[in-house]
Amino acid sequence: MSADTRPPRIPTAREHQYDPPELLGEWRAKCPVAPLTYADGHEGFIVTSYALAREVLQDERFSSRPELRHSAVHEVLGDGSPPEDDVPGMFVGMDPPEHTRYRKLLTGELSVRRMRELEPKIVATANRLLDAMETPERTGDLVPSFAMPLPSLVICDLLGIPYADWEVIRPVSERMLRTDSSADDVKQCYATIFEFLAEQVKRQLKDPQDDLLGGLCATAELSDVELTAIAFQLFTAGHETTANMLSLGTLCLLQHPEQLAAIRADPSLWQGTVEELLRYLTVIQFGISRGAREDVELNGVSIKAGQTVTISLPAANRDPQRFPDPDVFDIHRPASGNMSFGFGVHQCVAQQLARTEMRLGYQTLFDRMPDLELAVPADELEMRIIEIVYGVKSLPVRW
16 MSADTRPPRI PTAREHQYDP PELLGEWRAK CPVAPLTYAD GHEGFIVTSY ALAREVLQDE
76 RFSSRPELRH SAVHEVLGDG SPPEDDVPGM FVGMDPPEHT RYRKLLTGEL SVRRMRELEP
136 KIVATANRLL DAMETPERTG DLVPSFAMPL PSLVICDLLG IPYADWEVIR PVSERMLRTD
196 SSADDVKQCY ATIFEFLAEQ VKRQLKDPQD DLLGGLCATA ELSDVELTAI AFQLFTAGHE
256 TTANMLSLGT LCLLQHPEQL AAIRADPSLW QGTVEELLRY LTVIQFGISR GAREDVELNG
316 VSIKAGQTVT ISLPAANRDP QRFPDPDVFD IHRPASGNMS FGFGVHQCVA QQLARTEMRL
376 GYQTLFDRMP DLELAVPADE LEMRIIEIVY GVKSLPVRW
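In case it helps, this note's numbering puts the sequence shown at residues 16 to 414.
It is possible that some hints are incorrect.
[To be verified] Below, a list of computed lysine-lysine pairs in the DSS-like style, where the Cα atoms sit at most 30 Å apart: (1) K202 x K136; (2) K45 x K217; (3) K217 x K202; (4) K45 x K119; (5) K136 x K319.
[To be verified] DEER-style ranges, computed between Cβ atoms: (6) R153 x D225: 37 to 47 Å; (7) G123 x R308: 22 to 32 Å; (8) A139 x D281: 42 to 52 Å; (9) E309 x E134: 25 to 35 Å; (10) V360 x P385: 16 to 26 Å; (11) Q203 x D225: 50 to 60 Å; (12) Y33 x D195: 38 to 48 Å; (13) V316 x Y178: 40 to 50 Å.
Hints listed in this document are in silico derivations from the structure and should not be mistaken for laboratory results. These numbers were taken from a predicted model, which means no experiment stands behind them. Glycine is no exception: its CB is placed at the ideal position from the N, C-alpha and C atoms.
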């Protein structure tokens, strides 16, 4: 098939800061399993309906293995797997039962109970960051001052990584997640972060600390490479998504003052608010991909073995068949069912940590700064259009 007659590439143009590309909604209405051309020229499909997204993500005929998945936005970068195949311990690119073995090691460490135990430390960290923002000018940029460091400090504490070391490596992580980075640059970023974390693992193996990584080093029968791969996945996923949800979610709440007032009057609404923000904003903007192990028919569409299917999480979370008035932000919406953390056996293992950080982060921020407001017009904010994780690049505020 010539380039002129190939299926379209994944759409990226947004009409509004919060809404996914309009073309995704058109596909969902007309053809929820639509042909898609990937960054490397592969021809596969994009799924835009909620029901079909869940169907794919729990169907064992679709694999997470990187050699079966193509990226819709980058020739190398997929959903978090490294450029090379078969890295021991990189469980996001594995299928059960291999995937299950690694995941079980983490579920206890990241359980709801453990997150409750972390709550005082998260609140203390949030307050410390807000203390540092308190200047006579009463202005600042919420992204570098609060939204980015809060989850980063928490994940560094969980992994026993000095925060000063993380600040040095952070620009590498950011460059790795840009869709305009070259293939060689992405590979080099992976290698740099992997080498950095390998040193952290060596240190913990010599002297395990009372943290998640130290516990794995002390008790789990894992190789150095496996431990480094697990740390890599937690490290890279543990700050970017939550940081962008904190900043973009704050912007959204400031632009819905009536709903923010309702939350202030009834703080029990914060938990449901977090779920609605996750659904409405869906910062994993290009979705996640699976590769067909065998020929599959999905909603009447024939998918051949070896073809990639991308699940558009933003489109699924705006599906009117699942969420009435999906383009309306409503904190009173029943707080369940959004797919921002994926679905099935690969659903984000750290989702409870992210939820806890967001709930406590928002609540602490708005309690401490009741007069918080934007310091610039919202339409002047620069958005993270070409990053894997959507959000705002900066959020100037005053209080």
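Results for each hint:
no. : hint                    : in the structure
1   : K202 x K136             : violated (35 Å)
2   : K45 x K217              : violated (53 Å)
3   : K217 x K202             : holds (22 Å)
4   : K45 x K119              : violated (40 Å)
5   : K136 x K319             : violated (49 Å)
6   : R153 x D225: 37 to 47 Å : holds (38 Å)
7   : G123 x R308: 22 to 32 Å : holds (30 Å)
8   : A139 x D281: 42 to 52 Å : violated (24 Å)
9   : E309 x E134: 25 to 35 Å : violated (45 Å)
10  : V360 x P385: 16 to 26 Å : violated (43 Å)
11  : Q203 x D225: 50 to 60 Å : violated (34 Å)
12  : Y33 x D195: 38 to 48 Å  : violated (23 Å)
13  : V316 x Y178: 40 to 50 Å : holds (48 Å)
Going down the numbered hints, you'll see the structure goes against 1, 2, 4, 5, 8, 9, 10, 11 and 12, while the others check out.
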